[in-house]
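Based on these hints, arrange chain B on the given structure of chain A.
If you want the building blocks of each chain, they are given just below.
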Amino acid sequence: MAATGGSGGGDQDEFYLRYYVGHKGKFGHEFLEFEFRPDGKLRYANNSNYKNDTMIRKEVFVSPAVLRECRRIIADSEIMKEDDNNWPPPDRVGRQELEIVMNNEHISFTTSKIGSLVDVQGSQDPEGLRVFYYLVQDLKCFVFSLISLHFKIKPIQS
Amino acid sequence: MAAAVGDVEVVDFEPDEDDLMDEEVGAADADPSPAPAAKLRSTIAGGGSSGLVPRKTKGRGFREEAGPGRGSHLSARGFDSLDSDGGPGPQRSIEGWMLLVSGVHEEAQEDDLHNAFREFGQVKNLHLNLDRRTGFVKGYALIEYENFEEAQTAIATLNGTELLTQRIFVDWAFSKGPVKRRNVRRRSPGAHRSRSPPRRRY
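Order-wise, the sequence lines are chains A and B. Under UniProt numbering, the first residue of the first sequence is numbered 1, with each subsequent residue one higher. Under UniProt numbering, the first residue of the second sequence is numbered 1, with each subsequent residue one higher.
Calculated from the structure, these hints are not laboratory results. Each residue gets a CB set at the ideal place from its N, CA and C atoms; glycine is no exception.
Straight-line C-alpha distance at most 20 Å; calculated SDA-like pairs for lysine to any residue:
#1 A:Lys113 to A:Tyr134
#2 A:Lys81 to B:Arg63
#3 B:Lys58 to A:Glu105
#4 A:Lys154 to B:Ile94
#5 A:Lys152 to B:Asn129
#6 A:Lys140 to B:Leu130
#7 B:Lys176 to A:Phe151
#8 B:Lys176 to B:Pro90
#9 A:Lys81 to B:Thr57
#10 A:Lys152 to B:Gln122
#11 A:Lys26 to A:Gly94
#12 A:Lys154 to B:Phe79
#13 A:Lys152 to B:Asn125
#14 A:Lys152 to B:Asn147
#15 A:Lys152 to B:Lys124
#16 B:Lys56 to A:Asp83
#17 A:Lys152 to B:Asp83
#18 A:Lys140 to B:Glu106
#19 A:Lys113 to A:Ser123
#20 B:Lys124 to A:Phe151
#21 A:Lys81 to B:Arg60
#22 B:Lys58 to A:Asp76
#23 A:Lys113 to A:Pro126
#24 B:Lys176 to B:Ser84
#25 A:Lys140 to B:Asp131
#26 A:Lys152 to B:Asp80
#27 B:Lys124 to B:Thr157
#28 A:Lys113 to A:Val21
#29 B:Lys58 to A:Ser77
#30 A:Lys81 to B:Lys56
Example chain B residues on the side facing chain A (calculated, C-beta under 7 Å, incomplete):
#31 Ser81
#32 Ile94
#33 Pro178
Only chain A is shown next, with the shape it has when bound in the complex:
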């Protein structure tokens, strides 16, 4: 039921999303990670040893409406059509992982950190990497809003 009018497809199939960005450096393993599980559990973890050495870990169940909106954002991005074959692989500077299960497709993409659109333009797959780049920002924005509003914390915009 495309209740949101988007192209998110039905919501009867299993949905899962996980995003990770991080690196290991002089402040230890610093990362941000979140996931939406099929049952609606949203988990968020942020570990930055630089400012405070405690990991922020939050979880909350989101409603089906939120899951649908998440699917809609993913579907509109058309990320599922992309492939990470020609994306810069993770390196010492850091890694990103995006794993999505939706519409009976399962992607698990990895790449390096992307500093800006300049990195996207200079890559071997600028079109695909741009899709990834913007989708990740939109997803982070969505999750940061959900977590910060629910818990009244300020997520670190790493």
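Then chain B, alone, in the frame of chain A:
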């Protein structure tokens, strides 16, 4: 009562059926590799073990061996959450009740939403996020009321109505417990759960 616990229901460390990640961590623990919290790839499907139809898979994440830094760190316990009885229904946030508005017009302004929603009570918080590529509204808003009744009335009144020529949908953002799942993998019938009575969620 307690006597039965020992033999029939062996040990079940998993608090609930949704701990997909923790299951895999358990498997990873068997790995002699000293690397902590090894890797959860394909957290959800484990390469398609759960699906009725094999999933199409794509991406380097399926091919990589566990490397440094590879892994979900969400498997650890100790996540904070607000108190909840786990039942159905909306979950209160720290300062009030959060709604998700979807179908929001890309040129909507915060004022448009404010004007529509303040009729039901003071809007304590409003996030109208933008599409990072286009700079237009992404299509959703999060709106917070202090009282349950205000939020409930806003949903009842505004869900399915038009805002700037576009139909909006208004619903709770957070839930006290898992959504009902249809059509998903279940445990094998032999896998008895311990302690908790058989909960029926279907």
